[in-house]
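S.K.: Same order as they appear, the protein sequences are chains A and B. Heads up: the first sequence begins at 71 in the working numbering, then just goes up one per residue. Heads up: the second sequence begins at -6 in the working numbering, then just goes up one per residue.
A couple of the hints might just be wrong.
Straight-line Cα separation of at most 25 Å, DMTMM-like style, residue types lysine to aspartate or glutamate; simulated pairs [as the list claims (entries may be wrong)]: (1) B:K30 / B:D77; (2) A:K79 / B:D52; (3) B:K30 / A:D173; (4) B:K35 / B:D77.
What the simulated footprint calls covered on chain B by chain A, stretch by stretch (three residues with Cβ under 8 Å from a Cβ of chain A suffice, anywhere in the stretch; the number is not a length) [claimed, not checked]: (5) 64 to 76; (6) 91 to 105.
Worth flagging that the hints you see were computed from the coordinates, not collected in a lab. All of these numbers come straight from a predicted model, not from anything done at the bench. Beta carbons are placed, not taken as given, at the ideal position from N, Cα and C, and that holds for glycine.
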Amino acid sequence: NAGVTQTPKFQVLKTGQSMTLQCAQDMNHNSMYWYRQDPGMGLRLIYYSASEGTTDKGEVPNGYNVSRLNKREFSLRLESAAPSQTSVYFCAGGGNQPQHFGDGTRLSIL
Amino acid sequence: GENVEQHPSTLSVQEGDSAVIKCTYSDSASNYFPWYKQELGKRPQLIIDIRSNVGEKKDQRIAVTLNKTAKHFSLHITETQPEDSAVYFCAAGGTSYGKLTFGQGTILTVHP
Chain A
71 NAGVTQTPKF
81 QVLKTGQSMT
91 LQCAQDMNHN
101 SMYWYRQDPG
111 MGLRLIYYSA
121 SEGTTDKGEV
131 PNGYNVSRLN
141 KREFSLRLES
151 AAPSQTSVYF
161 CAGGGNQPQH
171 FGDGTRLSIL
Chain B
-6 GENVEQHPST
4 LSVQEGDSAV
14 IKCTYSDSAS
24 NYFPWYKQEL
34 GKRPQLIIDI
44 RSNVGEKKDQ
54 RIAVTLNKTA
64 KHFSLHITET
74 QPEDSAVYFC
84 AAGGTSYGKL
94 TFGQGTILTV
104 HP
């Protein structure tokens, strides 16, 4: 039982490059979430999926897209990375249980 | 939308003292209030949560109180230990285990 697994753990991109962050859960969560964490700003919701087949914008969705591929997987895509998207990204599962977080992806955009 | 304010941003205590972190929220429809602890470089982990039909909940050295009328809730840690040093986040949600809005976090340092 791995919980919520994020890949990759670290990534460095150049401005304008694209990238997909992967998240998979084996906890039977109905809902999944993507957050970004910046110093002094807590965790801000980017996008979420309340159930399989649905996605909704959170607080800071600009520059991102998501795909809820199935109940287990929820990916986050940066189409054209910008330095302002340098952050730590956390995926979480929840909906029928308290939210449980993955280990995070540290993303740097140069 | 929901707005959660958390204070203080940093808190320094001596080992054995108590620590209190306070949060206020804006949306009266919020009814679920979890607290997360995040150690340096690690994931946030749930330490305690409370629903709006309960005023207080306790788990060993940790307790959470909720005042729905005033729209504020607090985390109380008694007999603090150096391993309690971490960043603590409060959050508020409109439905149990659903979408959450987080506070900005409190860096707690417990000095031996």
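S.K.: So, for every hint listed, does it hold in this structure?
M.R.: For each hint, the structure was consulted:
no.	hint	result
1	B:K30 / B:D77	holds, 9 Å
2	A:K79 / B:D52	violated, 33 Å
3	B:K30 / A:D173	holds, 13 Å
4	B:K35 / B:D77	holds, 14 Å
5	64 to 76	violated (count 0)
6	91 to 105	holds (count 8)
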